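Line by line, the protein sequences are chains A, B and C.
My numbering numbers the first residue of the first sequence as 5 and each following residue consecutively.
My numbering numbers the first residue of the second sequence as 7 and each following residue consecutively.
My numbering numbers the first residue of the third sequence as 15 and each following residue consecutively.
Cross-link-like lysine-lysine pairs, in silico, DSSO-like; alpha carbons within 27 Å at most:
hint, chain 1, residue 1, chain 2, residue 2
1, A, Lys151, A, Lys101
2, C, Lys113, B, Lys148
3, B, Lys148, C, Lys164
4, C, Lys113, A, Lys68
5, C, Lys122, B, Lys148
6, C, Lys81, B, Lys148
7, C, Lys164, C, Lys81
8, C, Lys83, B, Lys154
9, C, Lys113, A, Lys75
10, C, Lys122, C, Lys100
11, A, Lys151, B, Lys60
12, A, Lys193, B, Lys32
13, A, Lys193, A, Lys151
14, A, Lys101, B, Lys60
15, C, Lys81, C, Lys113
16, B, Lys60, A, Lys193
17, B, Lys153, C, Lys83
18, B, Lys60, A, Lys200
19, C, Lys81, B, Lys154
20, A, Lys68, B, Lys60
21, B, Lys154, C, Lys164
22, C, Lys100, C, Lys113
23, A, Lys200, A, Lys151
24, A, Lys101, A, Lys68
25, C, Lys81, B, Lys153
26, A, Lys101, B, Lys148
If you only want the chain C side, here are some residues facing chain B, beta carbon under 8 Å, derived:
hint, residue
27, Glu80
28, Ser84
29, Val94
30, Leu142
31, Leu157
32, Cys162
Bear in mind the hints are in silico, worked out from the structure with no lab data behind them.
Owing to the predicted nature of the structure, the values given are computational and were not obtained by experimental measurement.
Even glycine gets a Cβ: it sits at the ideal position worked out from N, Cα and C.
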Amino acid sequence: MRQDDTGQPGSSDEAGLIARCQEGELSAFNELTVRYRSQVFAITYNALRNEQDAWDLSQEVFIKAWRNIGKFRGQASFFTWLYRIAANMTIDWLRRKRIEAGLEFDETTSPGEIAPGAATLPHSEPLPHQRLQDGEIRARIDAAMEKLSPEHRLVVMLREIDGLSYEEIAEAACCSVGTVMSRLFYARKKLQALLKDVYDAI
Amino acid sequence: MTPSEENLTAWIDGCLSEEEAGRFEKALGAARPGAEQERAQARRLGELLRRHWKAPELANADFFNHQLLARLEAEAPRPVEKRAKPAGGPSLWRLLAAAAACCVIVGAASLALLSPVGHGGSHGYYAQILNARPGDSRISAKPLHNKKANVTVLWLDGLDRVSSEGRK
Amino acid sequence: MSRSKEARLHAPVLRASWALLIFALLLALPLARAGESGATLWAGLVYVSNEANSAPATQPLAGFGEKLKSVFGYSHMQMVSEGREKLADAAEHTLPLGKKFRLLAVRKSAEDGKLLLDLRLFQEDRLLVQTQAKLAPQSPLFLRGPLCDKGQLVIVLQVE
Numbered sequence: 005m006r007q008d009d010t011g012q013p014g015s016s017d018e019a020g021l022i023a024r025c026q027e028g029e030l031s032a033f034n035e036l037t038v039r040y041r042s043q044v045f046a047i048t049y050n051a052l053r054n055e056q057d058a059w060d061l062s063q064e065v066f067i068k069a070w071r072n073i074g075k076f077r078g079q080a081s082f083f084t085w086l087y088r089i090a091a092n093m094t095i096d097w098l099r100r101k102r103i104e105a106g107l108e109f110d111e112t113t114s115p116g117e118i119a120p121g122a123a124t125l126p127h128s129e130p131l132p133h134q135r136l137q138d139g140e141i142r143a144r145i146d147a148a149m150e151k152l153s154p155e156h157r158l159v160v161m162l163r164e165i166d167g168l169s170y171e172e173i174a175e176a177a178c179c180s181v182g183t184v185m186s187r188l189f190y191a192r193k194k195l196q197a198l199l200k201d202v203y204d205a206i
Numbered sequence: 007m008t009p010s011e012e013n014l015t016a017w018i019d020g021c022l023s024e025e026e027a028g029r030f031e032k033a034l035g036a037a038r039p040g041a042e043q044e045r046a047q048a049r050r051l052g053e054l055l056r057r058h059w060k061a062p063e064l065a066n067a068d069f070f071n072h073q074l075l076a077r078l079e080a081e082a083p084r085p086v087e088k089r090a091k092p093a094g095g096p097s098l099w100r101l102l103a104a105a106a107a108c109c110v111i112v113g114a115a116s117l118a119l120l121s122p123v124g125h126g127g128s129h130g131y132y133a134q135i136l137n138a139r140p141g142d143s144r145i146s147a148k149p150l151h152n153k154k155a156n157v158t159v160l161w162l163d164g165l166d167r168v169s170s171e172g173r174k
Numbered sequence: 015m016s017r018s019k020e021a022r023l024h025a026p027v028l029r030a031s032w033a034l035l036i037f038a039l040l041l042a043l044p045l046a047r048a049g050e051s052g053a054t055l056w057a058g059l060v061y062v063s064n065e066a067n068s069a070p071a072t073q074p075l076a077g078f079g080e081k082l083k084s085v086f087g088y089s090h091m092q093m094v095s096e097g098r099e100k101l102a103d104a105a106e107h108t109l110p111l112g113k114k115f116r117l118l119a120v121r122k123s124a125e126d127g128k129l130l131l132d133l134r135l136f137q138e139d140r141l142l143v144q145t146q147a148k149l150a151p152q153s154p155l156f157l158r159g160p161l162c163d164k165g166q167l168v169i170v171l172q173v174e
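Work the whole structure out from these sequences, hints included.
See the structure below:
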């Protein structure tokens, strides 16, 4: 998941590109965009679930990255720095949308309900006619993800889809590793409760 | 989050070292079957998401870059071209040509002055707001018309106060 | 023509040319504006207050003084920033207004001197409002901005 188009993330070649960007060279930034546009689009699309919105937001992410490239000091990889911008902008976008729609996040899962090793839902074999189609599955996942806060959703996406480590997620989401693990734990619990019948049926 | 929950997450994700995993599994004791089931569930969830929830490929990726660069170039300041002043003064022929051009301008302006000019229909017209959408839900936007001043106002509420920096 | 004759004709011809040009421009400019379909948008960021020590308003602000007072109740105004853009059809134009604000304008159509515009007002990266408005010369649009200092910021839009 972390492979860029040239298969060379975080290389000295990339350091050179960043230096040229900081000098104002757009062609160097173009190369960086080629490397990471797919990942940025994926993160925005997975959050927004709308191609046009994800396209627009991805553009905004790169524009913000260009405007702030001078502030990049190389303490984290460019990849996680860019992810942080994408994550923050995506969260802001989601929060705005939710406020506009008057929706609230359902984060009412209490620790008492999800103690480790707690009993899970009874397992049942799906009947052939109950197997879900792809579109239905995506819709169910979308609906389940909607119930997570933007922060919980982001952590699940970065871990499960993008395969980032806890440290990388912490860097991108501007929080501690402990917070990442906590969010992941509760988000998984919630999604399991909402989607168990889905992954049992396929 | 309790340390055991933190360890459970790391154990589910295979992020514990062998030694740590061993200690954790030993500590689980009777709860181990439940934890194993948790791990299986989490892995199935992950597979489900990766298989069915992955984003599509960025369509027209080259156009994405093209559009992005166009926007960035529009933001970048362009170097101002300085034109070199020609040495010496204008020749007589150039001066005569300039005088002729001035006569043409005067003539055109006179024609415009003499020809009827439409009123454009702007008397009695006032600006109209057809629709207004605030940028976020904290802001409200209401169109108003002040008849006395004959001016239309888009009344925005909910904006953050700005410091005196906003006057610069 | 000999060089000496040329030199003698230089100065009066030059003076006459300049005089004609200035006269023609003075005549042509306002007429040219009347003849246009109102395709220029002027935008001003104005600080209005009741501070007695404010500097007197200068043109074009002075023309809006009474209107601003009537609408907002402030008697003093100060131009913070202004911009002017000739709006080409369908293209997006940016009018920066001071350090913190900018207006994006797209001309959708023009008819009888009236312009139908898509407008977006930003405060730094924050979109404040998106609006579609029909503007005409001599009919300004005010956008009530945020409170500032001891007064208020107002964005004034006028088609020219």
